[in-house]
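If you want the building blocks of each chain, they are given just below.
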Amino acid sequence: KAGVTQTPRYLIKTRGQQVTLSCSPISGHRSVSWYQQTPGQGLQFLFEYFSETQRNKGNFPGRFSGRQFSNSRSEMNVSTLELGDSALYLCASSSGLVSYEQYFGPGTRLTVT
Amino acid sequence: DAKTTQPPSMDCAEGRAANLPCNHSTISGNEYVYWYRQIHSQGPQYIIHGLKNNETNEMASLIITEDRKSSTLILPHATLRDTAVYYCIVRVVGSGGSNYKLTFGKGTLLTVNP
Chain A
863 KAGVTQTPRY LIKTRGQQVT LSCSPISGHR SVSWYQQTPG QGLQFLFEYF
913 SETQRNKGNF PGRFSGRQFS NSRSEMNVST LELGDSALYL CASSSGLVSY
963 EQYFGPGTRL TVT
Chain B
54 DAKTTQPPSM DCAEGRAANL PCNHSTISGN EYVYWYRQIH SQGPQYIIHG
104 LKNNETNEMA SLIITEDRKS STLILPHATL RDTAVYYCIV RVVGSGGSNY
154 KLTFGKGTLL TVNP
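Those protein sequence lines, which keep their order, are chains A and B.
Residue numbers for the first sequence follow the numbering used here, so the first one is 863 and each next one is one higher.
Residue numbers for the second sequence follow the numbering used here, so the first one is 54 and each next one is one higher.
Hints are supplied without guarantee of correctness; some may be wrong.
[Unchecked claim] Okay, derived cross-link-like pairs now, DSS-like style, lysine-lysine, Cα gap no bigger than 27 Å in a straight line:
{"hint": "1", "chain 1": "B", "residue 1": "LYS122", "chain 2": "B", "residue 2": "LYS56"}
{"hint": "2", "chain 1": "B", "residue 1": "LYS105", "chain 2": "B", "residue 2": "LYS122"}
{"hint": "3", "chain 1": "B", "residue 1": "LYS122", "chain 2": "A", "residue 2": "LYS875"}
{"hint": "4", "chain 1": "B", "residue 1": "LYS56", "chain 2": "B", "residue 2": "LYS159"}
{"hint": "5", "chain 1": "A", "residue 1": "LYS919", "chain 2": "B", "residue 2": "LYS159"}
{"hint": "6", "chain 1": "B", "residue 1": "LYS105", "chain 2": "B", "residue 2": "LYS159"}
By construction, these hints were calculated from the structure, which means they are not laboratory data.
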């Protein structure tokens, strides 16, 4: 079974631009969560989707948004990029319902200049 | 979710057992203990989880004290490839279609030395 895939793996953007990151969960998984990892703040939860509905949201500004499609693929969008948005963005999938394990993708490394 | 406390770093000799401690003194009855690890610049990898019984899988063993206020992750024969940051997380596994978020602390950097 293929793992969680994230595209693109690396991205360089300029302040003020917007960016869309994509995550394809493991086949059959219905839940997708997003995390941001920076050296200063560590791993922080962004949001979680299950069956196209946002179930949980972390403490991030409204510039961070996401969605999930009917095939469980998910995208997250960051508008009006700031230098502080430079981070590794990680996606994790799980089978959903009551599920113990989350499987993480390799991440997208976003650099904002 | 209950908070966890882990030592910032530990060393282990290759081939020896690595014992990583975690304190979670405020854990509640419906919270599970999870362990993940993250090798540099990769996504976190699930290792093991447990509620109150000791657990073992092909990667590691998890020992939870009887009062559930602390646990130990054991890598029985550490290799250089086990060098990583290890995260101990406690969380509720709920129903209703939500996995609930994982709250990562700073973890323990385990360095396995040749």
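Outcome of the hint check:
1. LYS122(B) / LYS56(B): 11 Å, holds
2. LYS105(B) / LYS122(B): 10 Å, holds
3. LYS122(B) / LYS875(A): Outside the cut-off at roughly 45 Å; violated.
4. LYS56(B) / LYS159(B): 11 Å, holds
5. LYS919(A) / LYS159(B): Judged against 27 Å, a Cα distance of about 21 Å means the pair holds.
6. LYS105(B) / LYS159(B): Distance ~24 Å between LYS105(B) and LYS159(B) Cα, so the pair holds.
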